[in-house]
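One rule links them: number in our numbering = place in the sequence shown (from 1) + 789.
It should be emphasised that the hints constitute simulated quantities derived from the structure, not laboratory data. All C-beta atoms, glycine included, are put in the ideal place defined by N, C-alpha and C. Some hints could be false.
Restricting the straight-line Cα-Cα distance to at most 27 Å, the calculated cross-link-like pairs of lysine-lysine (DSS-like) are [what the hints assert, rightly or not]: (1) 1113 - 1045; (2) 999 - 970; (3) 1045 - 1083; (4) 1044 - 1274; (5) 1113 - 1044; (6) 1196 - 1133; (7) 822 - 887.
If you anchor each label on the Cβ, the simulated ranges turn out as follows [as the list claims (entries may be wrong)]: (8) 1017 - 1198: 41 to 51 Å; (9) 1132 - 968: 38 to 48 Å; (10) 1006 - 1198: 35 to 45 Å.
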Amino acid sequence: MTPFLKKTLLFASFAAVIGFVGVRWGERCLKQKIEDKIASYGVLTYGKMHFNLLAGNVSFENATINIKWEEQAKFFHVLTPEIRVEGIGWRRLYFDKKLSVASFHLLSPDVTVLDTPPLDTLTQAATEPPSDSVAASLLKVIALELQSVTLDGGCVEVFRGNKGLPQNLFAQANDINLDLKGIQLNLQGDVMNSLVFEDADVLLNYLTLKNRNSHHNFTLQQFHLNKQDSLIEVVNLNMTPKDNPSDFFKKLSFKKAWFDLRFPSVRLKGWKFGELLDGALVARSVDVADLDMKVRVTQNLQPDPNGYRPMPQELLRRIPMTIKIDSVVVSKSKLLFENIGPGKTEVGVITFDPLNIVFTNFTNDSVRIAQQKIMELDAVGYCKGKYPVYNHFWFDLANPAQAFSFKGHASKVPFVSLNSFIKPCTDVFFDDGTINSISFEANGDEKTANGSLQMDYEDFHFSLLNDDRERRKVLSKVVDLLFIKSANDNEKDDFQEGNIHARRDVRLSFLNYWWSAIQSGIKTSLMDGFALKRTNKRMANRAAK
């Protein structure tokens, strides 16, 4: 070996030793600075920290994160076996003031969201974690670039607190997967100037929502959000009552409904990720398939005297998030509706299977409403699976009086097919007759609805029932002969058009308002002679008030 080669190898060895020592010394110094910075903010605590300067990797074992989000008055408490940050660009951080990270991994985190500060594990006293503005100051005047963020497994619990202690479990999800790519975040001080995601894929499984003050439970098998395909999908979303119907109504003071709603599939297509980040839900369509609805209403409970049930337009405006959806389509669904009449114990039942509903221009956005103010609802349901019933609604979203219009029609419906719904909850039983055709249209607002109804029927006969649900034969004959038309043929001169007039009871739902309007038209198309005159006079007096 030549002297020159020996010197070269000696120098290289010395340089390697110096480099190794320098890197280790640099790692210790930088690691100490990071530890000091983390300790000074108090956001993160951990069992052990691993650091690799050359690879740009930092990991934390058995980590705990406590952050207060001041805008929402929420406290985030996160426990995770490992936090791993890979591919940190130290050069860009030093020279360009930009934090560039190849990937961020959060392994099986246990996330708790509270309305009140979390409790100290030793003293059980409420602790006040640093606010989000303190955490954000870590990135002051820094542009953050993340190639990918991965959250693998874990669970989330959201609590609603009371007087400093968490009382009600509000939500729990026990399997969450999150994959975000191409993230760019620009901060100026504590203000976020921009947030961009090239791609986002979120998968959440087995979500349960519980609230002690609610009479229903909510469960969700899967929530999937995919930015690349512009798709949000919800699988098996269920709203189920905590009690059976009889126990449900025993616990209520006022008239309310019992719901059992099951959504096997909800797909939101063509949504805009940027709008969602800004607090707006914008999409081309929402498709709901195979919705199974069971609804029971009792009229034995009086409505809340101080209650108020908003109109559909008001309900839309009350949604805190801006909604701009071209269409909402509910297809291949079914409805089982049960009704208990005043003073009755037997349940009246009617079904619509299949039931298809389409909303068009479903929005509460003022700019969009100025361009297109009408929201439409088109519904087709097969009563008892046999008789198609069509309804169409127009809602004026810009009208301060909540103006709306509706029309509908049905045909070839035997009166006796309605007995399963009418007889148990009223004192009427249909003996015979067929509705050859029925059509109606009306205009209304937040106070009254007026219109007309044409019902062509034949061979109509009915009976009145006593308290024992037996026919009152004599009284039924008298009422049938003197007050009710047995036939109403629109091809004959004596055809009688029904008069729709209903006054809204603000304590009851919009569906009750609509059904009251339809009932008024049916009654006046059935009545004959003196009864009709008295009814029309009463309606005229009400309209004049």
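Checked hints:
no., hint, in the structure
1, 1113 - 1045, "violated, 30 Å"
2, 999 - 970, "violated, 33 Å"
3, 1045 - 1083, "holds, 14 Å"
4, 1044 - 1274, "violated, 35 Å"
5, 1113 - 1044, "violated, 33 Å"
6, 1196 - 1133, "violated, 31 Å"
7, 822 - 887, "holds, 18 Å"
8, 1017 - 1198: 41 to 51 Å, "holds, 45 Å"
9, 1132 - 968: 38 to 48 Å, "violated, 59 Å"
10, 1006 - 1198: 35 to 45 Å, "holds, 39 Å"
Of the numbered hints stated above, those contradicted by the structure are hints 1, 2, 4, 5, 6, 9, listed in ascending order.
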